[in-house]
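Make the full structure from the sequences, and use the hints.
There are 2 protein chains.
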Amino acid sequence: MSSVIRGAQFFNETSIVPAAFVEHSATNSPATWREALEASGSAPKSFELIKTLVYKPKTAKNATPVPVVVIAREGTDVISGLLGKKLNLKDLRLGSEELLTEFFALDKNSLSPLALSEQTYPKVITVVDASIFTSSSVFAVHALSSSSTFFLTGKDIHTHLKGLETHGPALHEVDFEALKADTEPSAPAGQSKAAPVKKEREGARIEGAVQIAIGIKKEVDFAAWYTNVLIKAEMLDYYNVSGCYILRPWAYSIWEVIQDWFNARIRPMGVQNSYFPMFVSSKVLEREKDHVEGFSPEVAWVTRAGSSDLEEPIAIRPTSETVMYPYYAKWIKSHRDLPLKLNQWNSVVRWEFKNPQPFIRTREFLWQEGHTAHLTKAEADIEVRDILELYRQVFEDLLAVPVIPGVKSEKEKFAGGLYTTTVEGFVPTTGRGIQGATSHCLGQNFSRPEMFNIFVEDPNDPTGQGKVYVWQNSWGLSTRVIGVMVMTHGDNQGLVLPPRVASIQVVIVPCGLTAKISDEGRKAVNDKCDELAAALNKVGVRTRADLREGYTPGFKFNDWEQKGVPLRLEVGPADLAKDQTLTVRRDNGVKSPLPLAGITASVPKLLETIQADMFKRAQDLYFSRVKPVTRWEDVVPTLDNKCVVVIPWCEEEACEDDIKERSGRAAEPQDERAPSAGAKSLCIPFDQSKWPPIEPGKTKCPACGKDAKQWTMFGRSY
Amino acid sequence: MSSVIRGAQFFNETSIVPAAFVEHSATNSPATWREALEASGSAPKSFELIKTLVYKPKTAKNATPVPVVVIAREGTDVISGLLGKKLNLKDLRLGSEELLTEFFALDKNSLSPLALSEQTYPKVITVVDASIFTSSSVFAVHALSSSSTFFLTGKDIHTHLKGLETHGPALHEVDFEALKADTEPSAPAGQSKAAPVKKEREGARIEGAVQIAIGIKKEVDFAAWYTNVLIKAEMLDYYNVSGCYILRPWAYSIWEVIQDWFNARIRPMGVQNSYFPMFVSSKVLEREKDHVEGFSPEVAWVTRAGSSDLEEPIAIRPTSETVMYPYYAKWIKSHRDLPLKLNQWNSVVRWEFKNPQPFIRTREFLWQEGHTAHLTKAEADIEVRDILELYRQVFEDLLAVPVIPGVKSEKEKFAGGLYTTTVEGFVPTTGRGIQGATSHCLGQNFSRPEMFNIFVEDPNDPTGQGKVYVWQNSWGLSTRVIGVMVMTHGDNQGLVLPPRVASIQVVIVPCGLTAKISDEGRKAVNDKCDELAAALNKVGVRTRADLREGYTPGFKFNDWEQKGVPLRLEVGPADLAKDQTLTVRRDNGVKSPLPLAGITASVPKLLETIQADMFKRAQDLYFSRVKPVTRWEDVVPTLDNKCVVVIPWCEEEACEDDIKERSGRAAEPQDERAPSAGAKSLCIPFDQSKWPPIEPGKTKCPACGKDAKQWTMFGRSY
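Chains as they are written, first to last, in our numbering: chain S, 10 to 727; chain L, 10 to 727.
Since the list gives no way to pick out one identical chain from another, each pair is judged satisfied if it fits inside one copy or across any two copies.
Distance condition first, Cα-Cα at most 35 Å in a straight line; then the derived DSBU-like pairs of lysine-lysine:
{"hint": "1", "residue 1": "K94", "residue 2": "K171"}
{"hint": "2", "residue 1": "K67", "residue 2": "K292"}
{"hint": "3", "residue 1": "K298", "residue 2": "K65"}
{"hint": "4", "residue 1": "K547", "residue 2": "K614"}
{"hint": "5", "residue 1": "K342", "residue 2": "K54"}
{"hint": "6", "residue 1": "K241", "residue 2": "K476"}
{"hint": "7", "residue 1": "K476", "residue 2": "K532"}
{"hint": "8", "residue 1": "K363", "residue 2": "K339"}
{"hint": "9", "residue 1": "K547", "residue 2": "K532"}
{"hint": "10", "residue 1": "K292", "residue 2": "K94"}
{"hint": "11", "residue 1": "K171", "residue 2": "K292"}
{"hint": "12", "residue 1": "K339", "residue 2": "K565"}
{"hint": "13", "residue 1": "K292", "residue 2": "K363"}
{"hint": "14", "residue 1": "K189", "residue 2": "K117"}
{"hint": "15", "residue 1": "K189", "residue 2": "K95"}
{"hint": "16", "residue 1": "K99", "residue 2": "K67"}
{"hint": "17", "residue 1": "K298", "residue 2": "K54"}
{"hint": "18", "residue 1": "K54", "residue 2": "K292"}
{"hint": "19", "residue 1": "K292", "residue 2": "K189"}
{"hint": "20", "residue 1": "K227", "residue 2": "K339"}
{"hint": "21", "residue 1": "K363", "residue 2": "K420"}
{"hint": "22", "residue 1": "K189", "residue 2": "K339"}
{"hint": "23", "residue 1": "K132", "residue 2": "K67"}
{"hint": "24", "residue 1": "K65", "residue 2": "K292"}
{"hint": "25", "residue 1": "K565", "residue 2": "K350"}
{"hint": "26", "residue 1": "K339", "residue 2": "K54"}
{"hint": "27", "residue 1": "K422", "residue 2": "K99"}
{"hint": "28", "residue 1": "K532", "residue 2": "K386"}
{"hint": "29", "residue 1": "K292", "residue 2": "K95"}
It is worth saying that the hints were derived from the structure and are not from the lab.
Following this line, the structure appears as structure tokens:
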């Protein structure tokens, strides 16, 4: 050990005795630091690293910046945007090496809370992760060198930092978890339970990935149940970049079914698939101001390639309007080039800072985005609805998930568009609405001359002088649909898959093969299973015979139930003797013998029955929770009853804001981190016939008392 | 106009008279600057912006940095990595605002060549885009304020900067185009003609996108011909982010055919499709050092989301080994979980600084990547070859492109793998080899304990103690295949598509409808075309009847020839009278009447003939250019003759380096910007029987005289 330890002077002034001091090889990242400590052999068995981040706020040009020093646990998510908001400082950016040198005479790898001294503390703003002070962990802090480390308790760090307060401004103790939660107005209530999940992160085999506890009930902790089902059914795995998930084959195959189905239907409409680059220059991205405003807080920026800084940062597409439309302007030269209808299956990135939720809110997600240009509004209008009808069919006919088609309010429509149509889903367990998929008419907002300038000569103008700016639509359906399906049908045994999208529709399990059964008897049963599977596969039923050795039938039942396979066939010696099989439905658990004769006809029929029953049950439940309400005092109690309301509404934006505000305020008190409970407009259903006719001038909006226009669904939502 | 103009002092000291001075609204980007100038009404009609970039090289911690100021034309691509190399400075990074304030007391939006004065010039290194001095353009430079601009000639800028040399170090005049070209060892010779294409950029409707001149011959300027064909056939369009391209439906549909074909064949092998995130944390990316070394210079980094800096930069996957394998370690718990075979269709990003070329070398490209894990090497070996055989079929059976399967030399194998198999293509027009697709055995390099630690208990070890680290493969096929297909079959009329991948296989064009023809006669012909198309579509022939009004048959012929439709049927009144149609083959131009009777059988047969003929012709040509050579002195002349050589080779890496070096040196002198002409090993063909047996100890390597091992293909390549 060297005789002079940098940073040791700090202990002379306080009562602190570090738990250990370790010298090790130089480190340049948290990973190499941890590695070096573990390799040293002298580090405590279990410890957490402390990170020290230095930010520079935006300041007037010639003013000296006051750096913000953040001391946080390794696993704490320090979101500079949120922190800046809290401290009321603009544009916090990670400080340059020069800044560190200037203020601390240290490089970033040597920085630690010990860099804060009587001399430096007054010159900076210091923020500390409050959870350090209450933690029982041992923390590693650099001894002002990247190659040596002290181990301190949370209390030691507290003593050190609090001691400095006499020399400068007050210490900012920040609960970073709460900071994040504060910005999550629309996360489901159940999500407030996410904290224990977060805790498990640290022990997971893959750093940063989350291991989910098992055996949680859907009704008790919906958010935990949901992730649990996804993991156990092998639909998805957590990934070590927050907000990103791995789509495993069991989920991806559902997406492939949807792709094939949708492609087969848009192709006859003249839509062609294509691929546009994932990158957008900032210039192009920022062309449509209203539109970009909706997306810019979530745009991910590439600023470096290899070791070269890019001259201009390049965005990853959050959606492709501005990526594609400059080329529409180029390609559309005459009305003969219309309609132009392109679609792409791709991934887009929206770097949300709200709590991510698999399939429902993720930083990268898969979708299709269709972009079309038409000569007339009438033609565009028709396509908007044709596509929406396809989306309804994806939900209802493939996924057995009921939706209500309608139009979005002005407030909720697509940024930069003319109007937005939607299919609105519903999650009964939380009583929240969820937007399913949207089909937008963009009008001429993107084609007009000051925007992308997409026009043709008007073929109907006899002078040949007239221009028509094209009418555009865009429409998208994402992997979110899979999440809604899981939430709708899953139960406490796990996933429940609708037959039409299940990659395995039928599993055949040999049963009753006790020790008494002869080898021939065993073989006869297994062969029968294989034979049945082959026969069913031949008629297009996706079937698997589960002949795995070393697993009991009970294990297999549980395994496939968890994975949601719609139908199980049990085949045992007794069944064979009777020339039958026992069918077990996943959706309702009903067991029933089925003659082997005619099974290639009866099984497909049974699968269709399951599909229809699943849809009917879900639809009945949804409709039972859509409550017409005409008095304001009934709105919040109905919402609290896990329903959405449908009210005769005035369609005014101020009223919509007011409804959100008042319903949020009136809601029952909740966990302080729970999302706001205000109700948004979900849609104005196309089918108004379910409710009494609105009498112009007589029917009033229950929220503001003005004349009502149409019945409109309002609800808490995802 | 304000009475005191910042920057005007500069004119008092020189003979320069600016062409104009304009005050305008403040600007914060090149786009807003140009906009403001154009809006001002006082700017010259045509001008270029001058950009002034300030870089900071990496310096010792406490040394004062010497900034590098780069003055360049708006359209010049300043690649900091290459510039740094040229100036012998490490890690050039764009300087911070503080740096600009410190050195010039200016913000980045006000900076201009005028910021260089007697005072500032000696403190910095100044680099100027040499093409400014020789250009006849008028250049906009900021008058030391983001809201005012001088217009100067290249000569004015020259006068200004050269005048400063007396006060400090010499000015660096850099040809940025040549700088880029210098780093392109493997671009095709024809590519040196890319400069005129680049020139056209500036006039293109979409800023930054390239318009291609038309009518270039394949034999004369291959690179220009190639891009020309792609654009005119509507396969692809240039995009305003360099190195990225738009795949239009005509090309994307080919990719879909390949996807469907390949999916149908890997599924029975037990491969499942899935989707992994596009982002990789730097920690995970850097896990395998050899592997990452191969990719790190080209990795694109996301460092910012919305307005928040990320704590750690996140990479966009250049390939997914390190993305996926941590999860393989998690999912593979027992030998029962093996083999694990996942595939994904996705896009990857490799930010190459070499000249991009559509399909062949692009910064983002589409591909499939398969990743599998096996219990034994034998099983992994078999799969490597099974997949390679599928790749061969994609090329030969779908795209009619001949390839030679073989194994890569140690030097050319996949970074971090055990061995690489490949199908090697050939572009006869340039005489260069081109790697088609590769199937790698990774061995246990990624599964070993210090890497991803992917193991199972050895099921064959009676003690139950043994571990087996899994054997892994990865294999990929990209949209590059489409580029090779275009290069192989295209001609001076445009694209030529093999029938099996053409989205329109047959086009039917009504002909002979002169003014004399009655309306009924016209209708009869058009109806016949429709009827024929319907009949052919019904039997699975993708057919379009081109009944567009207002276009002559000649226009239509040309249009569809350019797009490469394999077969044209001409239908006119005379044909109808004879109950026949005239067939015109795209591949060889042969015209031949075909009876309408039995056309639903004869057309599919004719398409298969075309497919087979295209392949045969291409294969004959390829094989005629693979020349066995046993004397060193024959190597370079053979290469110069647009051939690849196959030599009895010693398989030693030093010899391979030597061959490259010597063949490069010996090549004929070329344009100074031409890529290096050294020959690489392309592959060691599996089928060695085409050449005389190698006699151990007797057959010698013609390059080094050591004992030869196997016949090996060497050639110039892409």
